[in-house]
Amino acid sequence: MSKTATFERGIHPKYHKELASAKSITQAKLPLRIVVPVSQHIGAPAKPAVNIGDEVKRGQAIGSTTGFVSSPVHSSISGKVIAIADFPTSAGRMVQSIVIESDGKDEALSFIEHPDYMNLSADEIKTLIKDAGIVGMGGAAFPTNVKLSPPKEKTIDAVIINGAECEPYLTADHRLMVERPREVVEGLKIIMKSLGVKEGHIGIEVNKPDAIKAMESAASGESNIKVWPLEIKYPQGAEKMLIKAVKGREVPSKGLPMDVGVVVQNVGTALAVYEAVRFGKPLIERVVTVTGNGIKEPKNMMVRIGTLMSDVIEQCGGLVEGAVKVISGGPMMGFAQWTLDVPVVKGTSGILVLAEDEFVSTDQYSACIRCGSCIDVCPMGLNPSILSIYSEKGFYEDAKANNLFDCFECGSCAYVCPAKRPMVQFIRLAKSQVKP
Amino acid sequence: MATEAKAHELTVSVSPHVRGDETVARIMWTVNLSLLPAFIMSVYYFGPRAAFVTGLCILSAVLSEHFYQTSLKKKSSIGDGSAFLTGLLLGLNLPASVPFYIPIIGSLIAIVITKLLFGGLGYNVFNPALIGRAFLLISFPKLMTIWSEPTAQFVAMDAKTTATPLGILKEEGMAKLIEIFGDKADLYTSLLMGNRAGSLGETSVIALLLGAALLLYRGYITWHIPFSFIATVGVMAWALGGNGGLFTGDPIVHLLSGGLILGAFFMATDYVTCPSIRKGQIIFGIGCGAITMMIRLKGGFPEGVMFAILLMNCFAPLIDRGVKSKMFGAVNVNKEQKK
Ligand code: SF4
Ligand code: SF4
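Those sequence lines, one after another, are chains A and B.
Here this note's numbering is used: the first residue of the first sequence is 1, the next is one more, and so on.
Here this note's numbering is used: the first residue of the second sequence is 1, the next is one more, and so on.
Looking at chain B on its own, in the form it has when it is part of the complex:
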């Protein structure tokens, strides 16, 4: 047959023979892109040092992954954008004033210990950036809680330090917090824009929401985790956060401060370490929200988002096992078996 000559070049593989366009790299680089507004705002408020800290995190994360893998004669996976993302997220979770070795140590812990030693992307139990940060907070509690005052307009920052809104709320109460920012409206506006002390990338809620919108639009994240997480924080802040008894708290302050928006949209949604069934994700989000508020209201730290997500990371596999999506034809099967 005339066409036979070609036959030996044919590829044989199992169906399906066509695939969709999504790749891990495309997803990860889009997430990186979605954090660009928050990164820009961090430089805007905290000056060039913000870029230095975040850049150093990214560099150490990428390099440590690359050299770990090449030294084991494995293929370097830095092209998939996930090491970059871990570095970026770690950077955005640090204060501006940390000395240079903090980003390096944090990235090493995040990439080598939390991710690669567990088998690499897909096998890690905990969110790498958050473990990096938790390690730093425990090992360098002083350095990790010096908060610079935002200066705006990309200028180099002065040495003035201050407390974070959640810190003030915890130590001195809501009245003092409002007083410091002027009035309630000023407080909300500052929190929304990011004009307040805190970790580099967590302060500008508006920039974070912009990035989150991109991820939701592309379908890379769904509403399940962020919504249930944030709603739980809001309800608990309102119900339990006030001094005048039940339902006198100010949920807005709690929603706009700390690392909630960054955590809920960008860290709790980490595919590998959250449940993958949507119903389970709602449970996960509620758990994150509840633990966050328990720490914020009763715990020793002013902020609880990081520990909340890490704790819930432990439960993710359990949740996935317990929650099943509705199987086609499952209802009738039970009837059938009873017969």
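Extracted from the complex, chain A is given alone in its bound form:
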């Protein structure tokens, strides 16, 4: 690996990947009960397609789409629908959810397989992906089939698989690339086919040499797929940063990757696409990294969608004495949880439990000393200092004039701030007070 590609600015947080990076993916126990929110994605929520008392099988659609940007949800176990009501989710909102109690049999629907999947048409592929309920599994959870259906005037010429996994602690994508590289490559080929694109890329940070090797050998027969070693830098895995590193293109402000002819998909999504198209399997399970010093046995687990976090944590030996914070996702952009009785959803890449020694209180912060560190690291080239000051003073319009809405809340500015200012909190506050 000679030169590594990257973007400008960014930070070098402590990664702590060693807690889980060598742990092979294990199958989580069949849950006794699942809670499946009808909205696990960006876009219109699904509509429940079952009633209380209905018997369902594994893989059965229990919520159907209600619009173009929407995604169906499926049961990940066999059993009986016992409730349809609002339950808390890991994003902090109450969402209508379908609760299913397991019958212990784990009976599956019979899925329609396509051994000749590379002969399917683009539309057939997209329909299979849509019906399987596949959404971006890196966290944003945007419906994948929508991403694969760009408007006519946009020409897409490259697909990038995001294997950067730049969030500290998380290793789910890492393990997938090491253990199932061939399937990820097939997933990429299917995505390329659905878009009619000739160029495939896989970007991986160089702190995962085994993943780079595995992906390189899995893609060795494919002349149009290239593996890119990327510099270890946060937020290398943000779509815009990844495109900059791999293709050298800058997505315009307020624009989308398709504006520069690129579609980015996460490693887990590529695998899900392969399984959906090849085996007809809906998105009913995903790899979740359960990690942090607050968890007894860090693991990478294949978890059924809808399994409660408390259930998963228990299978990892439970919380240690002095665990102070549970986060859904990574430490930079994940959500802190107030209850563990929230389900793992399609976008849950990790369950991170911080112990006292990893925890930083953000209650006490001081005035901005204008050191400029945040400006030096902001990957969007913003002035986070001035954004936070405007927001603090209530000058939200001024914040907006300083490109407030270009901030994607990566948290780099807050990470480096010596005054420990809650930058992302200030920025969210301002965003909530003005229209984009």
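Incorrect hints may appear among the rest.
Partial selection, computed: residues in chain B whose CB lies under 7 Å from chain A [claimed, not checked]:
#1 Gly-122
#2 Val-272
#3 Leu-311
#4 Cys-314
#5 Met-327
If you are wondering where the hints come from, they were derived from the structure by calculation, not from laboratory data.
Every residue gets a Cβ at the ideal spot worked out from N, C-alpha and C, and that includes glycine.
On the provided structure of chain A, position chain B with the ligands as indicated by the hints.
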């Protein structure tokens, strides 16, 4: 669920959930540490009185901040090291011979008027130590310009006074300056080591550079301000500082004398009062250098670093507003909007 009992103890806050190690206190105390060599050299050349003057500045700065804040029922912020730093910098900017009330008055002006009344660290417009010094220079012009001759070896100083190199240069010219120090090489060596009259902490260039190296290494300051400041002084001294016409000046004397090194690395770089965007910092540094040289060559004072920085402090917010770092995706946006 078994784990539910614990759930109520969980902390919920906005991301990011991990933070870097830097703190304001760590930065400020490191800057204090980086001035230790200069402080030691000041005692070496000007005797115990140097320690007394600087110590008194620090003490009054810290105490005035502490009592101002506690009397307003606020939390005392002296632990962050910034009041200490203001006192230290003020001390290093004073002559050795000042009477005891000078450090006290200077610190009060610096801390209470310049910093705390503006809202405390982060809100002040001017560098507190420099305002303290400027106030003293204007109010006590005589006391503030009595320069003792360095004696070396930490001994108590005698009463002999002399002029600073820049003073000699201004009044009597370059030839006289060289004559006083022996030859050119002796002059440069003395200036480098700090064996010359001047403010306590400004004389030893070598000690200051040692501290500056630490700050650059730790990333607490960047090259932008010091380099552009010093380079501007050098170029202007060379171009305009000579008697024989353009480009006959001696830049080295100008670089090594006065408060340039102390000012460029430790005072112009004050986070709060300089621009925070790197490109703007270069403009700021050039401005500081240009004003310094205009005062040194044409103004009424032999030295201009202090006024130059203070003047540029006024422009820092303006510079920050005018200069933007390159925004990601900005180029294409303009194209997009034209469509
Ligand atoms: S301003 Fe926004 S985009 Fe920039 S570093 Fe902060 S959180 Fe990230
Ligand atoms: S890092 Fe913090 S203290 Fe420094 S300029 Fe940014 S907001 Fe201000």
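Hint check:
The closest approach between the C-beta of B/Gly-122 and any C-beta of chain A is roughly 3 Å, which is under the 7 Å cut-off, so the hint is satisfied. About 5 Å separates the beta-carbon of B/Val-272 from the nearest beta-carbon of chain A, less than 7 Å, and the hint is met. The restraint placing B/Leu-311 at the interface with chain A is violated, with a minimum CB-CB distance near 18 Å, outside the 7 Å limit. With its C-beta approaching chain A no nearer than about 15 Å, B/Cys-314 sits outside the 7 Å limit, and its interface hint is violated.
Annotation: B/Met-327 was flagged as interfacial toward chain A, and the flag holds, the nearest CB pair being 4 Å apart, inside 7 Å.
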